[in-house]
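Engineer: If you want the building blocks of each chain, they are given just below.
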Amino acid sequence: MNVPLEPVAQLLPAVVDFPFREGYVRSIIYVSLYVSVVAVTLSTLFSLPIAIVMGFSDFRGKQFVKSIINTGMGFPSVVVGLVVLFAVSNQGPLGSLELIFTKEAMIMSQFVLATPPIMAITLAAITGVSENVRDAAHVLGGTRLDVALVVIKEARYGIATAVLAGFGRAISEVGSVLIVGGNIVSSDGISSTRTLTTAIQLEARQGQYDTAMVLGAVLVTIVLMVNAIVVRLGDEGAMR
Amino acid sequence: MVRLSNVTHAFGGETVIENLSLSVDPGEVVAIIGPSGVGKTTILRIIALFLEPNSGSVTLGGQGVWSLSEDERLRLRRRIGMVFQEASLFDATVERNVEYGLRVRESWRDRLRDELWSVVGSNGTPESVTEALDLVGLSDKLHQEARSLSGGEAQRVSFARALAYEPDYLLLDEPTSDLDPRNTDLIEDAVLEARDRDIGVGIATHDMHQAERIADRVAVILGGGIAEFGPAKQVFENPADERTAKFVSGELVY
Amino acid sequence: MPIQRRKFIAAVGGGALASIAGCSGNSTQAQSDGSSSSSSAGVAGETLTLTTTTSTYDTGLLGEIHGDFEEMYGVTVDAVAQGTGAALETARNGDSDVVMVHARGLEDEFMRNGYGINRRDLMFNDFVIVGPESDPAGIQGMSSATEALNAIAEAGAPFVSRGDNSGTHTKELNLWEAAGTDPGGDWYQETGTGMGEALNIANQQGAYTLSDRGTYISQRSEIDLVILVQGPIEDGPEILANPYGIMAVNPGVHENANYDLAMAYIGWITSPGAQDAISNYQMNGEQLFFPEAVSENPDFQQYVPEGWSSNSSSE
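These protein sequence lines are chains A, X and V, in that order.
The numbering used here puts the first residue of the first sequence at 1, with every later residue one more than the last.
The numbering used here puts the first residue of the second sequence at 1001, with every later residue one more than the last.
The numbering used here puts the first residue of the third sequence at 2001, with every later residue one more than the last.
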């Protein structure tokens, strides 16, 4: 009935060990980075003002808020996935937005996961800025906003660390992005909601450990590269 | 002039200063002396329009400060500069530190433009910045990282930072207590220079010899209130209050 | 269910279904991409969400054939691989439009509860019992799967179970039940993993396991296990058959299920063209799936829960 002249072409994409279809790996790297970077960016924009307000003032319940943040750091990510799944599912409160199995749902879940470490480390960095510096900024004629900007600049290395920590958590995430994203790849091998991590999971469940390792190496390389950049910036700062 | 009238302030239930009145005029140096912890810093912060006293009035040029709106008060505040005991420089170059006061007084649009220019690296340095650094003898450190300066140099930069935007009043909180004699001299020279430019200087110090050297008027703070407030010569040589005499001669130990 | 291996000719039923579904692509403007709700009959530009099992997805069949459907209608198919239970649950929640699984009992329940309609038999493959060449329990070539399992239990030979309520696991449990044996003990290991991993584990331990033929074929070069009891494709016992069904999510229950597109899909995949493509799909040089949607004598039982007749109660 048929003569398979090109076994490779016939056997893609789930069975073949090393040669991936053109653009496949690139597309899953793209989805991984896109989802993680957007989530971390949103989380930083969210956490920074809150950390500043918290860092500058003492209010009743501050300790309580802090302990919530710390709990969030260790929160099982797969539970976050389930909660987001419930929220965006057809049956859930956000069902009408039809976010299930989209990158946006994955970003939501990553946002929830990245925010506790980002906020906690940013808060520590901000409170680590000496009150004298704050006073100086104020007394030299700065408005509250000016003082906040000065504090952010003073805490920039700590904030960078926070962003790194959040990014690390986001890009390594498997369970929750699998649940809300669906690990979808189009029929021409371009990823829609498949990330490096969920691709690894897929290869592993098929017993294709070699392929999984290759993807794992790609993931580790990316994480190392990002870390290296930030560490280098930090060194430059420390040497001053 | 900046005038405090019958000012009382308490921290956490404890009264720090009570019914205190003093003033600083442009073109004079007022030394505020007294033992550590007596409330000198509090007084300076009130003069700097930084801290609202629990009771009493604070006026600048005859205008009551704390009855104004936040914006108007900010405008008044910005006519005053302050130097703390610790230099508290920003983690940036000397230039960026000293020009801070100028930057925050710019409009947002100008400020954004200047920030972008400085990133590109082709900004000239504002004149008042170089002048202020000249005054403290640190023009050659313009592009050095502030954190790499010695204690004395840092304090001098802190002085330049407060001077760069040409304030009408300058307040210094024990600026030389951590410094060696040479840096102390440099700061004191700068203080006198500022006075000669018609700036009203208030300086808190527990070093009476310093007060003798540079002050025009002296306020002696003892026990939360003013024991004596008058021309320096008079306070040191002919004090009206007995406690003042004892303090000046070093007999009173707190 | 009788296995049909004859050549296929267009059947009235399949053709009618396909043409009805095909007609729906005629009208109105394209809708925004990614929207799965459609109030008009036009489907171009839309996305169909299909949930299926991991073993189905991992064969790569869908990735291979979906392109044809997508091109034909100008749509996108998002195939989501979940466990059998999850695939049905997602459909039950209205988060997918069409569901393709191979667990008839669960499909029947899905239909009885009103979530699934227009079910069609799609294709079948089979299960095989694999194990080490040394075959400690001596089951090689047995024609009864239940006998083979009993032999394994009696010999206490290591056996790896999926233990994850997947289609394969369900089949395995059914076999044990049919064999009259309750598996348990040191020799019986439940892994809770996918089929590929389970095969690897069985390989490492020299254990027996029940596997769908497809996954076994794809792993064959990497493991030392051999097929000891064949499935019906190679004249083994019927009980090891693995039939696949496809159902649309009932728009009566979930208003925003993309019913038009789901029916277009079902129509397409049960059409002679797609069924041919299914039978042409090979893995490691072997045919993996045997189509059964197109037939001269359609099996009416495929449309209803098994055992249902108009005389019986609807429960």
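Think of the hints as simulated: they come from the structure by calculation, not from any bench.
Every residue gets a Cβ at the ideal spot worked out from N, C-alpha and C, and that includes glycine.
Some hints could be false.
What the hints assert, rightly or not - Where chain A lies over chain X, by a calculated footprint (3+ residues, C-beta under 8 Å):
#1 1030–1044
#2 1099–1112
#3 1124–1137
As the list claims (entries may be wrong) - Some chain X residues flagged as far from chain A (calculated, every beta-carbon gap over 10 Å):
#4 Thr1059
#5 Ser1088
#6 Gly1121
#7 Asp1198
As the list claims (entries may be wrong) - Chain X is faced by these chain A residues, among others (derived, beta-carbon under 7 Å):
#8 Leu94
#9 Ser96
#10 Leu97
#11 Ala136
#12 Gly141
#13 Gly142
#14 Asp146
#15 Ile152
#16 Glu154
Engineer: Hint by hint, say whether it matches the structure.
Structural biologist: Hint by hint, here is what the structure shows:
no.: 1; hint: 1030–1044; in the structure: violated (count 0)
no.: 2; hint: 1099–1112; in the structure: holds (count 4)
no.: 3; hint: 1124–1137; in the structure: violated (count 0)
no.: 4; hint: Thr1059; in the structure: 19 Å, holds
no.: 5; hint: Ser1088; in the structure: 4 Å, violated
no.: 6; hint: Gly1121; in the structure: 17 Å, holds
no.: 7; hint: Asp1198; in the structure: 19 Å, holds
no.: 8; hint: Leu94; in the structure: 37 Å, violated
no.: 9; hint: Ser96; in the structure: 40 Å, violated
no.: 10; hint: Leu97; in the structure: 36 Å, violated
no.: 11; hint: Ala136; in the structure: 4 Å, holds
no.: 12; hint: Gly141; in the structure: 4 Å, holds
no.: 13; hint: Gly142; in the structure: 5 Å, holds
no.: 14; hint: Asp146; in the structure: 5 Å, holds
no.: 15; hint: Ile152; in the structure: 11 Å, violated
no.: 16; hint: Glu154; in the structure: 5 Å, holds
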